[in-house]
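K.L.:
Sequence:
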Amino acid sequence: MSRQCRVLTIAGVLILAICLPTGLSIWLTHRQAEKQFAQNVDTYASRVLVRTKSIVSQAATALSEANNWQGNPCSPEHLQLMRQVAFSHSYIQEVVWLENSVAKCSSMQSISLPVTFPAPMRITQNGESGWYTTVNDLGLDHYMVALGLGNSVVMINPDSFIDVVPQSAAPIDLAIVGLKNDTIFSSSHHLDTAILKRLKQQSAPTLHINHSVYTIRYYHDLNLAIVSWSSVVPIDKFWYQQLMIWLPFSALLSLLSVLLLIRLLRRLRSPRFQLEDAMAAKEICVHYQPIVCLKTGKIVGAEALSRWKLADGSFLSPDIFIPLAEQTGLITTLTEYIVTNVFNDLGKWLHKHPNMHISINLAPEDLDSTALHELIRHNLQLWKVQPSQIALELTERQFAAPEISQPLIAAYRTEGHSIYLDDFGTGYSSLSYLKDLNIDVLKIDKSFIGTLKHQPVTPHIIEMAKTLQMEMVAEGVETDEQRQWLSEHGVQFGQGWLFSKARPKTEFILWAETNLKDASAT
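All letters in the sequence shown, in the order written, are residues 770 to 1291 by this note's numbering.
Treat the hints as calculated values from the structure; they're not laboratory data. A few of these clues could be false.
[Said to hold, decoys possible] SDA-like mimics (lysine to any residue), calculated; alpha carbons at most 25 angstroms apart, straight line: (1) 1051 - 1025; (2) 873 - 920; (3) 1153 - 1171; (4) 1153 - 1118; (5) 1215 - 1184; (6) 822 - 873; (7) 1286 - 1124; (8) 822 - 948; (9) 1067 - 1140; (10) 1121 - 1082; (11) 873 - 860; (12) 1064 - 873; (13) 1274 - 1171; (14) 1078 - 1121; (15) 1051 - 970.
[Stated by the list, open to error] Distance ranges between label pairs, derived from CB positions: (16) 1219 - 1124: 41 to 51 angstroms; (17) 958 - 804: 52 to 62 angstroms; (18) 1248 - 1085: 26 to 36 angstroms; (19) 1240 - 888: 52 to 62 angstroms; (20) 1151 - 804: 27 to 37 angstroms.
We treat Cβ as the ideally placed atom computed from N, Cα and C, and that holds for glycine.
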């Protein structure tokens, strides 16, 4: 490349480094404003959905209590019971006793004139009936939600379902809709039926129309939907506020990017070729950090960790060259390189110790590689190692698209490989999220281990794993106090400097053999 081309290339990169953070900050700010606004609307709908479930649950309890009556219907004692049921449940307005769909008495009074309830709008599999009707024993022209079971019916004010205060500064409207006939049971403002129809037809739960954001949440147990909506005008105000925060940051980021680029452009040639050269020259090696039983201190396996040794003897952090491999499309090539090194380093040792295992980190792109899958299978046969001795560590990113990742993960599990979820707690995991994942072992990130006494999240992580009957490995264990606390709370395994740093193959084998010998002697 000529000097002029180099100058033009550097100039172009520098201009990009200056302009990109500013433009990106503006785009991210506006996107974040829209996301936050939509989240507020959706959160409000979720809270109303919780209220709806609470009311339905309370109604079911009230019906059960009312149907426990064994004496004469509509006797003074029976009326007293119905009044007690209505009084003790805050969402129940009235309890009515029916015989052949005719109201005989209620918690408010004995009924002198017969009132006949129409046929239920919905009957559940449990035999519960539902009405949205103006029929009542008081003669009022007012719609009520009625739920019935057996001879008892409870009356509920529809406004109770949406009587929830939004947690957003922007006004939010809401409506509860019956899906069978699109009946709007309760609404804080008029809902256009055309918009409701579009919401039901599209697959996404959110709709932007007429300068408003609409969301719909379904409650199929009662055949209901909750629609919430609000104007997007507040987005602009929030956007301007965020922009005043992000613009100075983007300017600083541009300056730092320029300085960093100048330094990197002086020192680095093509990153892709340098990474390929490092693998060809075997400058990238694998170290192994033992995983031990927290109760006994006995080794059960190790995690394979890649290291890039530079010419000056120092090591380049994986936090640098792993993203580099992903960016240059070499990540699967690097993973295949690491897998081959693991078997060359420890194939004989694993065959000698069938109870030991090595866990290997996989990138999202690796799951889709049939070549990598065949490479692992080939080496298992070559070194006479069991599939259970090679565990695969995945991060939450691999589960982001379950329709793609789950079949690929299931294929490895079917062959006998254990699946580890690495760095748990640093993403968006939850109990409802974990229960659907095909994983065997949960690795608790070291950020939740360092200050266990002051870390309220760690016990919840442990309880989630116990609930789902998953084994756990704690990363970054550095003190005996941490080891004891984790063991007492049910964490089975750990790795960290308390036991051993990551070691080259020879040092690791010597350490492991000494550990096994000491464990046998005790």
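K.L.:
Taking the hints in turn, state whether each one holds.
P.N.:
We went through each hint and held it up to the structure:
1. Using a Cα cut-off of 25 angstroms, the hinted pair residue 1051 and residue 1025 is violated, with the two alpha carbons roughly 33 angstroms apart.
2. Note on residue 873 and residue 920: the hinted pairing holds, with a Cα-Cα distance of about 10 angstroms set against a maximum of 25 angstroms.
3. With a CA separation close to 32 angstroms, the supplied pair residue 1153 and residue 1171 exceeds the 25 angstroms bound.
4. Restraint check for residue 1153 and residue 1118: satisfied, since their Cα atoms lie roughly 11 angstroms apart, inside the 25 angstroms limit.
5. Between residue 1215 and residue 1184 the alpha-carbon distance is near 30 angstroms, which puts this suggested pair outside the 25 angstroms criterion.
6. Taking the CA atoms of residue 822 and residue 873, the gap is about 29 angstroms. The hint is violated against a cut of 25 angstroms.
7. For a cut-off of 25 angstroms, the pair hint linking residue 1286 to residue 1124 stands: about 15 angstroms separates their Cα positions.
8. Proposed proximity of residue 822 and residue 948 is supported: the alpha carbons are some 16 angstroms apart, at most 25 angstroms.
9. Annotation: proposed proximity of residue 1067 to residue 1140 is violated, straight-line Cα distance about 35 angstroms (limit 25 angstroms).
10. Restraint check for residue 1121 and residue 1082: the C-alpha separation of about 33 angstroms exceeds 25 angstroms, so the hint is violated.
11. Our distance criterion of 25 angstroms between C-alpha atoms is met by residue 873 and residue 860, whose separation comes to about 22 angstroms.
12. Distance hint between residue 1064 and residue 873 is unfulfilled; the C-alpha atoms sit about 68 angstroms from each other, more than 25 angstroms.
13. For the hint linking residue 1274 to residue 1171, the alpha-carbon distance of about 36 angstroms lies beyond 25 angstroms, and the restraint is violated.
14. In summary, the hint linking residue 1078 to residue 1121 is not supported, as the alpha carbons are separated by about 30 angstroms, beyond the 25 angstroms threshold.
15. Using a Cα cut-off of 25 angstroms, the hinted pair residue 1051 and residue 970 is violated, with the two alpha carbons roughly 57 angstroms apart.
16. The hinted range of 41 to 51 angstroms is not satisfied by residue 1219 and residue 1124, whose Cβ atoms lie roughly 30 angstroms apart.
17. For the pair residue 958 and residue 804, the supplied restraint of 52 to 62 angstroms is violated, since their beta-carbon distance comes to about 24 angstroms.
18. Range check, residue 1248 to residue 1085: Cβ separation about 29 angstroms, and the 26 to 36 angstroms hint holds.
19. Remark: the range hint 52 to 62 angstroms for residue 1240 to residue 888 is upheld by a beta-carbon distance near 55 angstroms.
20. Taking the beta carbon of each, residue 1151 and residue 804 are about 50 angstroms apart, not inside 27 to 37 angstroms as hinted.
In the structure shown, a violation is registered for the earlier hints numbered 1, 3, 5, 6, 9, 10, 12, 13, 14, 15, 16, 17 and 20, in ascending order.
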